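4 protein chains.
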Amino acid sequence: MIPFGCDYNFGAHPAVLRRLEELNATAFPGYGEDELCRRAGKKILARFGCPGGEVYFLAGGTQTNQLVIDTLLAPYEGVIAPDTGHISAHEAGAVEFTGHKVLALPAKEGKLDAAAVARLIDGFRADPNHAHMVFPGMVYISYPTEYGTLYSKEELAALSAVCRSRGVPLYIDGARLGYGLAADVCDVTPEEFAAFADVFYAGGTKMGALYGEALVFPHGGMPAHFATRVKQHGAMLAKGWLIGAQFEALFEDDLYFRIGRHAEKCAARLEAILRAKGYAFYLPRQTNQLFVVLDDDRVKALAPEIGFGFWEKPDEDRTVVRLAVSWATDDEMLRNAEALL
Amino acid sequence: MIPFGCDYNFGAHPAVLRRLEELNATAFPGYGEDELCRRAGKKILARFGCPGGEVYFLAGGTQTNQLVIDTLLAPYEGVIAPDTGHISAHEAGAVEFTGHKVLALPAKEGKLDAAAVARLIDGFRADPNHAHMVFPGMVYISYPTEYGTLYSKEELAALSAVCRSRGVPLYIDGARLGYGLAADVCDVTPEEFAAFADVFYAGGTKMGALYGEALVFPHGGMPAHFATRVKQHGAMLAKGWLIGAQFEALFEDDLYFRIGRHAEKCAARLEAILRAKGYAFYLPRQTNQLFVVLDDDRVKALAPEIGFGFWEKPDEDRTVVRLAVSWATDDEMLRNAEALL
Amino acid sequence: MIPFGCDYNFGAHPAVLRRLEELNATAFPGYGEDELCRRAGKKILARFGCPGGEVYFLAGGTQTNQLVIDTLLAPYEGVIAPDTGHISAHEAGAVEFTGHKVLALPAKEGKLDAAAVARLIDGFRADPNHAHMVFPGMVYISYPTEYGTLYSKEELAALSAVCRSRGVPLYIDGARLGYGLAADVCDVTPEEFAAFADVFYAGGTKMGALYGEALVFPHGGMPAHFATRVKQHGAMLAKGWLIGAQFEALFEDDLYFRIGRHAEKCAARLEAILRAKGYAFYLPRQTNQLFVVLDDDRVKALAPEIGFGFWEKPDEDRTVVRLAVSWATDDEMLRNAEALL
Amino acid sequence: MIPFGCDYNFGAHPAVLRRLEELNATAFPGYGEDELCRRAGKKILARFGCPGGEVYFLAGGTQTNQLVIDTLLAPYEGVIAPDTGHISAHEAGAVEFTGHKVLALPAKEGKLDAAAVARLIDGFRADPNHAHMVFPGMVYISYPTEYGTLYSKEELAALSAVCRSRGVPLYIDGARLGYGLAADVCDVTPEEFAAFADVFYAGGTKMGALYGEALVFPHGGMPAHFATRVKQHGAMLAKGWLIGAQFEALFEDDLYFRIGRHAEKCAARLEAILRAKGYAFYLPRQTNQLFVVLDDDRVKALAPEIGFGFWEKPDEDRTVVRLAVSWATDDEMLRNAEALL
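Residue numbers (the numbering used here), protein chains in the order written: chain A, 1 to 341; chain B, 1 to 341; chain C, 1 to 341; chain D, 1 to 341.
None of these hints come from the bench; they were simulated from the model.
All figures in this text were calculated on a predicted structure; none of them were measured in a lab.
Among the hints, erroneous ones may be present.
For the chain B half of the interface with chain A, some residues (derived, Cβ under 8 Å), not all of them [said to hold, decoys possible]:
(1) F10
(2) F28
(3) R164
(4) G221
(5) A224
(6) T228
(7) A238
Think of the CB as a built atom: it goes at the ideal place given N, C-alpha and C, for glycine as much as any other residue.
Looking at chain A on its own, in the form it has when it is part of the complex:
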């Protein structure tokens, strides 16, 4: 079975696992209050060009989204998100679980339109009945999106400007951030990316860690008593330094971005294979996820041989499937795919 079903199907990048082994016989203080977390945080902030920022390490993506949204929003506020966003569609209502509404806007190729965001916020504020409505208190996007697409620098700048001018923070879910920033079509630097965001996370789970996400407040502003909020959410891990250790490895020798480049190359090669064989793309590929439209017969025939994710059914007889490559993808997998597809 060629493992293209997702980008979180292998353990850890060898350099990450080696780091855990090296540190295994050393005692550390608990709950993330250790030197490894501090050092890893500094390395991340340096790489994103925001040395005055703040970093907090968490275990998983939904947890991170839920925490950021719940702690940055006032209780009467909701979060604007694309209707295809992870928090809108595939987190089982984790945001609503904490009492906040997701104010969904129609997405285009997974992306939110800055003008639509402005209209929603301005319309709310102009509405004489708005005390009876949910206040828009944050904008959520993902980069890359759930459809593997990327906002251009112009689009990010526009969203950021809309948010800043209206005093609404922009939060960017970077579960696959390294795959996005290392993509050929990406036109923002990590520094620019961090400057546009008010808060974002650089994902580890899909980028070579066993588990863990680095939540970054590039301009500071971590909510007061954040550790207590993390604990209250059930999200604090006793052995917090283990995530710090993994991220320190990921941000040494630019490993995080080298992983991104590796996946980009694999994705480009897989795209070329698929194109050469006449497969139809549902969306132009931009990052490490490829969305292909298959006849249902073809889906059945391929399923035992190659892993892929079922995305949606554009019509009765066809299915959109997702193929994903990652840090773990190697030559052999791609050769096998070429032979099989």
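Put chains B, C and D on the given structure of chain A with help from the hints.
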């Protein structure tokens, strides 16, 4: 620094880490729906003598407590717990965060009295105004307790009988379960323990895993759509198999209990050292945690050399400190402690 | 000022107020456990042809919606609603406050399409990833809708059939139920209406009561320990009998529906006045709310003389305003409106 | 049946009901944004000597407690309360429903001790692990308490000083405030009372209103967007002016305190009757509630003739019952009681 500050200050037992290394190049399906989790679950159920039970793997203890309590209680129910219980005192209100009250009863040496539990439940039911009160819907205890003490078989049987006769499930927090069941003073077998409980968790984080807890429903009865509740709580990890892998290693060759025996021996030896040197114990030692009363001068003198936890101040001039041993404790640490104390 | 701004701008129908005066010197037991509530409940059930049903009296509409939705849904479920529905747009996120997502579908003239509901539920159930999504657990509609429109018997039957066949309860917000069922275009009887619904409320606040709504489970099935849930929501009133008393008055001599007929006649007359004077309707009038499109200049000119609600702006220069009549509307108001408009 | 079961068993004081009748034919704007609420608020602030304060009208007591506590606390904070306080014991977990813990302290005669509050707050702040605990963020007391007792001026001053010096607001539940401030043993003026509190409510439901409580921020500081929070809690009534109207009547000609004086006289007389007949008091009477210890046989004999509340059972054979007088108590009731008891 002698690392006796807690039992979660080292990475993973070497056998556990080795297992992760061995599996690192193999692809697995996500979200805990993999063969490793299934196999580890079966091994755990076999060891606890409840092959018809159900197991779910989670990342941390507070998260597990929050999930079990929130999903097993009806929305109008609260959980009875000792006032010194972890959920009462040291989880930042994680239970209340999900809308449920902790109905605290005074603990004795960290333990809940079965008769007091019966009085609370029966008194509630007899109260003509009870529709205006929080319904007692579950009993929470920890084994060992936060004070390192153990319920005797008789005490567990009494609590279990009170719960069963009143239709209220008994949930046992086993963050240090292996240290409890392997203690010299323990008079219950794993099979008996599981039979008394309606739901419990066998902790991994403090027992040799990098992270992870095994939630066990020994007689079945996992709440409907439990995976969705886990996701909604932000508690689902993409790479769920990694916890399964660690627990499979822990429940091979009885490692979980061998770790417990090892800690018991270390604790007994540390206790002997402390007794020989005239230290006063706050509570008789029963498991891997030792509570000692120190003059504050002594605390200051020792602090740079030996890790310990600050527990409480019985008076102005003295402090109760906790020393903890674990799977990671070795001869050298004990010899150093003997020289230092 | 002609008071057409809303249908909740006057105190109580004289017969309702008289009833409160008559009972003022009599003592009653608290919390709705009184004879008046029981009698009023029976009268309501009789009028809706469902004598085996259950009734509970609450103070306000948002509170009732929040309670019904929170108590009937499982914690992992959300409620399907039209995007223009009161719970979607104008209750400040009261549903999300209790942890549940509103699964909004595009409305047409304020109404939900049965086929769209079926597609959402069936699509969810067919989705292999649905454990990561919010379960659709209830359908919410309002009758009349927030746009004053009515579902036809055929439309209600279709929605009810979709819900029943899929085991999802249909909840109907009847804040203005009497105005709907007494409308000329209404083609369902109260008995048919109640038969289609799984739970509904017959509004009092807008139908002649000082305050109060009658929540009806026409086929039984009130959630267990409902009174405790009401208390937990902060929604239990000590003097519960006062709502029972008002509803008993409203359901004597068919007052509730006579009020509806009165408003229908007033609305028809106001519609005729507006049509005669060439006003453009935003939607065809069906009940006691009239939506008219005005030039903004006209809005400014009329605002000091006649009360109306601002609804939306179809373009830069025009505004949709709402005029509402009620039990309190009288000849003089209509004559004044005719002279003014 | 002599109606001494509670102080909320009759409709409204005649002057209050008359006011509603007088205003019944006048249209008002909805949601509490009307002249009546503004005027009533001013009258209340004037009477309590805090003209710069803010007032908001709500329907019921539990709702008010839930709203105040939820909106004034940060999400990681809990509220300190006596263990016999209404929010601790008899509101079905309404505070926990909003995510906050009630930090209960042992009460003496229903009252909280200032020194114990100081110890809790200071102990929390000194605890090196307090990030893992619930932050004490507010102090809740009731005046009079659930046992009819009153804090002396000295006790209130001490509590207020502890709160102010630690930056923790003091919230006083005044469901029966008028009965407390008009009691013979009361040694605080309304102005002093308001000065000690950071927020309190003057109850209407038990003091002559059909329903309604006046929430007072004597020194300002109403939470931002409070109306939206009220709506989000399901607590906003469309016809808000009706509560304003009732409170305007209650604060004209000092009716609120005249009602209090009337009840004090009735209570004193009932106390004298009970003493003369040799009844044993559970607690010395201070306000309009009398707690008497009865043999269970006596309870059975009296129950058909006189209303009382069952409070607790001090032992197997006796019961503590509560008798309550109110604005509605009259000479005949007291004469009947004298004859019967």
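Query - Ascending list of hint numbers which this structure does not respect - result: When the structure is compared with the hints, numbers 3, 4 and 5 turn out to be violated.
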